[in-house]
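Participant: One-letter residues, chain by chain:
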Amino acid sequence: MSEWRYWFAEQRGTLLALGIFILMFIVYTANHPAGFNANVVQTASNKGVLLAFIAMAQTLVVITAGIDLSVGMIFLLTNCLASWIVVGNPFETTLGVVGVLVVGALCGALNGAIVIYGRLQPIVATIATGAVYFGLALLLRPTPGGSVNEDLADALTSKLFGFMPASLMALIVIVLVVWVPFSRSVYGRAAYASGSSEVAAYMSGMPIKRGKFLAYTLGGLLAAIGGLFLTFFTYTGDAAYASGNAYTLFSIAAVVLGGVSLYGGKGSAIGAIFGAFAFRTIGDLLFVFDFDALWQPLFQGVVLLLAVSLGAFALFRVRNRLEWFG
Amino acid sequence: MTDMTSVRFVDRMPKFMRRLDPAVTTAFACILLLLIVGSFYSTSFLSPEYLLQQLKVASFLGVIATGMMLVVLMGQIDLSVPWVVSTGAMMACAAAAYGPIGAALAIPFGVLCGVLIGLVSGFGVAYLRIPSMIVTLATNAVAQGLMVVYTGGFSPQDSATPAMRWLATGALIPAVPNAVVVWALIGAAMVFILTRTTFGRSVYAIGNRERAAYLSGIDTRRVVLIAFAVAGGLSAFGGVLLAGYASKAAQSMGDAYLLPAIAAVVLGGTSILGGRGSYLGTVAGVILITLLQSILSVMQMPEAGRQITYGIVIVAMLLLYGRTPASRG
Numbered sequence: 001m002s003e004w005r006y007w008f009a010e011q012r013g014t015l016l017a018l019g020i021f022i023l024m025f026i027v028y029t030a031n032h033p034a035g036f037n038a039n040v041v042q043t044a045s046n047k048g049v050l051l052a053f054i055a056m057a058q059t060l061v062v063i064t065a066g067i068d069l070s071v072g073m074i075f076l077l078t079n080c081l082a083s084w085i086v087v088g089n090p091f092e093t094t095l096g097v098v099g100v101l102v103v104g105a106l107c108g109a110l111n112g113a114i115v116i117y118g119r120l121q122p123i124v125a126t127i128a129t130g131a132v133y134f135g136l137a138l139l140l141r142p143t144p145g146g147s148v149n150e151d152l153a154d155a156l157t158s159k160l161f162g163f164m165p166a167s168l169m170a171l172i173v174i175v176l177v178v179w180v181p182f183s184r185s186v187y188g189r190a191a192y193a194s195g196s197s198e199v200a201a202y203m204s205g206m207p208i209k210r211g212k213f214l215a216y217t218l219g220g221l222l223a224a225i226g227g228l229f230l231t232f233f234t235y236t237g238d239a240a241y242a243s244g245n246a247y248t249l250f251s252i253a254a255v256v257l258g259g260v261s262l263y264g265g266k267g268s269a270i271g272a273i274f275g276a277f278a279f280r281t282i283g284d285l286l287f288v289f290d291f292d293a294l295w296q297p298l299f300q301g302v303v304l305l306l307a308v309s310l311g312a313f314a315l316f317r318v319r320n321r322l323e324w325f326g
Numbered sequence: 001m002t003d004m005t006s007v008r009f010v011d012r013m014p015k016f017m018r019r020l021d022p023a024v025t026t027a028f029a030c031i032l033l034l035l036i037v038g039s040f041y042s043t044s045f046l047s048p049e050y051l052l053q054q055l056k057v058a059s060f061l062g063v064i065a066t067g068m069m070l071v072v073l074m075g076q077i078d079l080s081v082p083w084v085v086s087t088g089a090m091m092a093c094a095a096a097a098y099g100p101i102g103a104a105l106a107i108p109f110g111v112l113c114g115v116l117i118g119l120v121s122g123f124g125v126a127y128l129r130i131p132s133m134i135v136t137l138a139t140n141a142v143a144q145g146l147m148v149v150y151t152g153g154f155s156p157q158d159s160a161t162p163a164m165r166w167l168a169t170g171a172l173i174p175a176v177p178n179a180v181v182v183w184a185l186i187g188a189a190m191v192f193i194l195t196r197t198t199f200g201r202s203v204y205a206i207g208n209r210e211r212a213a214y215l216s217g218i219d220t221r222r223v224v225l226i227a228f229a230v231a232g233g234l235s236a237f238g239g240v241l242l243a244g245y246a247s248k249a250a251q252s253m254g255d256a257y258l259l260p261a262i263a264a265v266v267l268g269g270t271s272i273l274g275g276r277g278s279y280l281g282t283v284a285g286v287i288l289i290t291l292l293q294s295i296l297s298v299m300q301m302p303e304a305g306r307q308i309t310y311g312i313v314i315v316a317m318l319l320l321y322g323r324t325p326a327s328r329g
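Note that the protein sequences, when read in sequence, are chains A and B. Using the numbering used here, the letters of the first sequence map in sequence onto residues 1 to 326. Using the numbering used here, the letters of the second sequence map in sequence onto residues 1 to 329.
Source of the hints: derived by calculation from the structure; they are not laboratory data. Errors might be hidden in some of the hints.
Unchecked claim - With beta-carbon atoms standing in for the labels, derived distance ranges: (1) A:Arg210 / B:Leu128: 27 to 37 Å; (2) A:Tyr263 / B:Arg222: 44 to 54 Å; (3) B:Ala175 / A:Ala293: 47 to 57 Å; (4) B:Leu128 / A:Ala113: 28 to 38 Å; (5) B:Leu33 / A:Ala293: 24 to 34 Å.
Stated by the list, open to error - Here are a few chain A residues that sit away from chain B, every Cβ distance over 10 Å (derived from the structure): (6) Ile127; (7) Gly265; (8) Ser309; (9) Arg321.
To be verified - Listing some non-contacts, in silico: residues in chain B with all C-beta distances to chain A over 12 Å: (10) Thr26; (11) Leu33; (12) Leu52; (13) Lys56; (14) Ala94; (15) Gly124; (16) Gln144; (17) Tyr204; (18) Ala212; (19) Arg221; (20) Ile262; (21) Glu303; (22) Val315; (23) Thr324; (24) Pro325.
All C-beta atoms, glycine included, are put in the ideal place defined by N, C-alpha and C.
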């Protein structure tokens, strides 16, 4: 019984995000003109999965008490790259996919190297590397264009067995292949520990540098997977500054909604995924209620502001005012 | 051992050199280097007209970076710059459409809108204890949402008032652009506030250790709130000046100012962790960034190359002198 309670306490953020998502999704489908059917789920999944990948990428970095403000730009860069190299016969396409993933991981590794070995503050360092990645994306695609292997793209954006969205399946596979092994490994533990208290982790002999480096690198990799999927959905590469910025912003919103602590050491990528789904559904709620699309940015902004203000409830637990200052 | 020798070396230097921050000195050295490199490209690079023109362009960034510095000194950051700048510009232009009274109140109204957004951010940071990075991202999104609803997604048709244009492009003192005078006045006020008032010293104290500042009897929450409001007002004022310069407001006019503002403050030797930094350094950072941008455009480098160079230069300079000490127990 008490085991069960510990698990519940640990997963509270994730379960809350899941609850918000389910609630929002019920409201969404109940008011959707087409009702609850496989096509609505597929469209929702395709939109949600993009943000879910970026949110996972952000989670890995946030867990180490860092932040990656270049995640949206890695997303753009890999999108532009994929629109060049993920084409041709199956062999060339496979090479292209591998190439895109490697570039994403390299971007993440560069961020990690600058932050960990260069000892720069993650905020400033990733804003600067974000500018570099955006420049590279612009170099690849000065104007929107390009193409992608459409067979692969269609396969990954369609439905499996007539009901299961393939993009959702891909997300589950990625979680099992990337997140689960990482969070259970020594390096994953080290990433959590250094986010919780770097000094204590160092004193305990955890491999904090390698753990953090791996977290940043995998973050880049996940952002690249997001970029690949964007290419599969749109068939083009587009270096749109506003879109990259929006994804960075939304990834932070999703992470916060998903119960991941921005101070590091707490939360999971699963929570962030549900946070991403919830955030997307909230944004789409406006459409089913026939609001003007112009109101969407404001609505998302207000939801974001309210979501981050929820953190203030922790103040009620403060017994000594000095706890205000963390 | 090496520490002791370096201390002795510093002791032997003249007094004015001992007081110099190495970061500020490096930044000024880099400015000189850029000027020399630039003069190879074009002989007009060192002419007074060109330098004054650069100073004028720098003053917009300078005003915005002043607000950013105040926030960074407390160990916080303001990521709401892009849309606060746009909001200031758009609201000032919008007020201008309401007859002579509107035109007279355009500048204060634009700044007031920025102060209001800053107050919301400040309240979140100071009283709700949410990390500033997150709150300001959220207020940025709200400001963007408000402006999108207000303009209908297009650039607004209202144009800047004559007063705004005069402030940004006129020259009260012959040959010295008004924008530079405005920046100098704001800079002087900021130096006075930071070094001669309780508020300024509190800002440094909070940046060093907020807990200690609180225990020393400073109402740290109020100081943080006011600082964010001032930063919002200054960002919006930067937007007002930009609108005067371009004679109208545009949707994404603020996007190009977030990274340069943070870069200018940090390159000027202000610690991103707070508590340390001088306004002189920020001035050096602003001029450095502006010159860098100018040289890249003189070299006719495309936007992509500019972004890449820009990011690399910032990382490289920070690696030179912006590193945090290694954590060892």
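Participant: All hints, please: hold or fail.
Facilitator: Evaluated hints:
1. A:Arg210 / B:Leu128: 27 to 37 Å: holds (36 Å)
2. A:Tyr263 / B:Arg222: 44 to 54 Å: Because 24 Å falls outside the window, the suggested range is violated.
3. B:Ala175 / A:Ala293: 47 to 57 Å: holds (50 Å)
4. B:Leu128 / A:Ala113: 28 to 38 Å: holds (35 Å)
5. B:Leu33 / A:Ala293: 24 to 34 Å: Check failed, 49 Å falls outside 24 to 34 Å.
6. Ile127: violated (5 Å)
7. Gly265: holds (14 Å)
8. Ser309: violated (6 Å)
9. Arg321: violated (8 Å)
10. Thr26: Label holds. Min Cβ-Cβ 16 Å, cutoff 12 Å.
11. Leu33: Correct as stated: the minimum Cβ-Cβ distance to chain A is 20 Å, above 12 Å.
12. Leu52: Answer for B:Leu52: holds, closest chain A Cβ roughly 28 Å.
13. Lys56: For B:Lys56, whose nearest Cβ neighbour in chain A is about 24 Å away, the distance exceeds 12 Å, so it holds.
14. Ala94: holds (17 Å)
15. Gly124: The claim is violated: B:Gly124 sits with its nearest Cβ about 7 Å from chain A, within 12 Å.
16. Gln144: violated (5 Å)
17. Tyr204: holds (16 Å)
18. Ala212: violated (9 Å)
19. Arg221: Check fails; 8 Å does not lie beyond 12 Å.
20. Ile262: Violated: least Cβ distance 6 Å, not greater than 12 Å.
21. Glu303: violated (6 Å)
22. Val315: Non-interface label fails for B:Val315: nearest chain A Cβ at 5 Å, not farther than 12 Å.
23. Thr324: Per Cβ check, B:Thr324 is inside 12 Å of chain A; nearest 5 Å; violated.
24. Pro325: violated (8 Å)
Checked against the numbered hints above, the structure breaks hints 2, 5, 6, 8, 9, 15, 16, 18, 19, 20, 21, 22, 23, 24 and satisfies the rest.
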